[in-house]
Amino acid sequence: MDPRDWSDPKAVARPGEVTELLHAWRAGDTRAGDLLVKVLYRELHDMARRRLRAERPGMTLQTTALVHETYLRLVDQRRVEWRDRGHFLALAATMMRRVLVDRARARRAGKRGSGEPAITLTDAASAGVNSADQVLDVDRALERLTAAYPRPARVVEMRFFGGLELEEIGAVLGITERTVKRDWAFARAWLARELA
Amino acid sequence: MPANPDPRLPDLFARASELEGDAQAAWLADLRRAEPGLAREVEELLASAAAGASRFETPAWELWTAGAEQGDAAPPASVGPFRIVREIGRGGMGRVFLAEQETENFRRKVALKIVDRPGVGEDGARRFREEARILAALEHPGIARFYDAGWTDGRWYLALEYVEGEHLLAFAARRGLDTRQRVGLFLQVLDAVDFAHRHLVVHRDLKPGNILVDAGGAAKLLDFGISKMVDPETATDAAHTETRAFTPAYASPEQLRGERVTVASDVYSLGVVLYELLAGCRPFERGAEGSDPRPPSTAARRMDAGDGARVTTNARWRDLTGDLDAIMLKALRGAAESRYASAAAFAADLRRWLDGKPVEARRGGHRYRMAKFARRHRVPVISAALAILALAASVTGILVQSRHAARAAMIAREQRDFALRQLSRAEAINDLNALLLSDVAPGGRPFTVRPP
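So the protein lines, in turn, are chains A and B. Mapping of the first sequence onto my numbering: residues 1 to 196, in sequence order. Mapping of the second sequence onto my numbering: residues 1001 to 1452, in sequence order.
FYI, nobody ran anything at the bench for these hints, they're computed from the structure. Take these hints with a grain of salt, some might be off.
[Unchecked claim] Here are some of the chain B residues that sit facing chain A, going by a computed Cβ distance under 8 Å:
1) 1010
2) 1014
3) 1031
4) 1034
5) 1044
6) 1055
7) 1195
[Said to hold, decoys possible] Pairwise CB distance ranges (calculated):
8) B:1005 x A:176: 19 to 25 Å
9) A:177 x B:1076: 49 to 55 Å
10) A:143 x B:1151: 43 to 49 Å
11) A:42 x B:1021: 35 to 41 Å
12) B:1088 x A:105: 21 to 27 Å
13) A:69 x B:1133: 42 to 48 Å
14) A:151 x B:1363: 50 to 56 Å
15) A:42 x B:1348: 56 to 62 Å
16) A:176 x B:1102: 56 to 62 Å
17) A:151 x B:1334: 51 to 57 Å
18) B:1004 x A:69: 39 to 45 Å
[Said to hold, decoys possible] Not the full set, but computed from the structure, chain B residues with beta-carbon under 7 Å of chain A:
19) 1005
20) 1027
21) 1045
22) 1048
23) 1049
24) 1059
25) 1060
26) 1061
27) 1106
The beta-carbon is built from N, C-alpha and C at its ideal position, and this holds for glycine as well.
Pulled out of the complex, with its shape left as it was, chain A reads as follows (with noise of 0.2 Å):
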């Protein structure tokens, strides 16, 4: 095994690095896949402040494409396999899950945001999720679900909080996209009874 000091994040922002983690933490080493969590919460945090205050009134932050661009820029292509790719994705998926429950605390907690405008009066009841409040319920809730049925939790994590398709999240769990749309619509179900 390499025996280099991993204990400094930001010396991993190069694609080279990145995708060296990514090799040790699938042989098993868990330091190395501890820090690819912090490289990968540092980055996509960054990356949501910076796109939430550039967009314009009525544009929404694009979480696939802002998944799969952090991928690109991160992970060396040549050196990667396709699996590789899937565990990256579901990595980024359940970052992006604590980026935006450690946001929706922190605005609970009081603090102030950029003021990021809204599309318009949203009905309570045509939205998933409209305010810090219930970004937190459904993450409890995750949680719950989690410890009863924790495949189809995961397929929510993927789906909801990092905008993967169905094909990816298949091909990270090992199952059919059949048995990935059955899993999500139970889990849909299952959060639905659970916040009603």
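Once you've looked at the hints, dock chain B against the given chain A.
Same frame as chain A, but now just chain B:
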């Protein structure tokens, strides 16, 4: 909170979702006998799947950026004569609360909109006054009623009828409405929008979330917050400079481009809503906005039964093929002038479809009208057509064999036109034919026509 998780639940739920109506009821009854606890859970999940059909569809981040990163000042206990109960919605300018108004004579629930965002400014206040003015003029059973508007304690407020119901798509899904029932429900919406248009008001933000259906099945339009008065002379927007605010997924191309908004823009948004109501998905695949919409029947067909509550049966896409496809695509034309000229015209075409008559959206197609006629008068037409087509086929066959292909094609066209003319004549004598057939062929079999 449900009982302990049962690993069989996901599979049972999937199986139940694939069944419909009586088949589903029978299957659930069987399960209830064997496993009452599990059966109840499956039923609960089916109900929440139907009620929350579109939930979690949009990634969390996109919902969050659409309204959450704003100040959350504690709501006042009361505003003017209204006592606040709880928050029910929020947006760019403020929040919407469920509130109660109590006087000596009555007590009622109202939806109270409050503008309390810092920085809303003059523009917001003007929009607010405008909405109040517009709403006060719109009294229609399909539009949430206006009660009161005012300014108190540094806030604008607007009190509207509180509609207890669920949004259009959730209602249709939960009740398991079929295509005809969905069209019927949607006609209520068109009538309300047409009423607003006739009062020179364009809604500009029509979407399922702004259309609530109460327990009695009555649809009501909400949120004229960004509507505007149209100048009848020029049909232009008097307040063109105001902040653009709408929901991109339902907005017309001209609205997205920031151009003039007219009744045709509402017709477009209604087209998107109807599409979603009937096909179970939006007209454009993600990222393909701006191209031509997929025909609804194609989209519906592609929706897999595995995709949650939006189960589309074979029958559903078959209902959409043809007329309903054409109607929705007409409402969704990119060029505003090619759409239905009004909500009333849109409604009239849907009523024609309900009555089995040729629809305006497919007007001009001679062949189409004949086919439509044939469907309404199946038996006599089939017999007449068989005779004529047999004749056409034999003539064509001979000519093709003699290798005069071009001429053959021309003659075939003539034969076809002749056949179609004959079919239209058949319409006139249809009643007589029907009478004759009912006597001659009680078994429902048409008389046979021998090819020449």
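Here is how each hint holds up against the structure:
no. : hint                       : verdict
1   : 1010                       : 5 Å, holds
2   : 1014                       : 4 Å, holds
3   : 1031                       : 16 Å, violated
4   : 1034                       : 20 Å, violated
5   : 1044                       : 6 Å, holds
6   : 1055                       : 5 Å, holds
7   : 1195                       : 21 Å, violated
8   : B:1005 x A:176: 19 to 25 Å : 23 Å, holds
9   : A:177 x B:1076: 49 to 55 Å : 50 Å, holds
10  : A:143 x B:1151: 43 to 49 Å : 44 Å, holds
11  : A:42 x B:1021: 35 to 41 Å  : 52 Å, violated
12  : B:1088 x A:105: 21 to 27 Å : 23 Å, holds
13  : A:69 x B:1133: 42 to 48 Å  : 46 Å, holds
14  : A:151 x B:1363: 50 to 56 Å : 52 Å, holds
15  : A:42 x B:1348: 56 to 62 Å  : 59 Å, holds
16  : A:176 x B:1102: 56 to 62 Å : 58 Å, holds
17  : A:151 x B:1334: 51 to 57 Å : 43 Å, violated
18  : B:1004 x A:69: 39 to 45 Å  : 42 Å, holds
19  : 1005                       : 4 Å, holds
20  : 1027                       : 17 Å, violated
21  : 1045                       : 4 Å, holds
22  : 1048                       : 4 Å, holds
23  : 1049                       : 4 Å, holds
24  : 1059                       : 4 Å, holds
25  : 1060                       : 5 Å, holds
26  : 1061                       : 5 Å, holds
27  : 1106                       : 26 Å, violated
In the structure shown, a violation is registered for the earlier hints numbered 3, 4, 7, 11, 17, 20 and 27, in ascending order.
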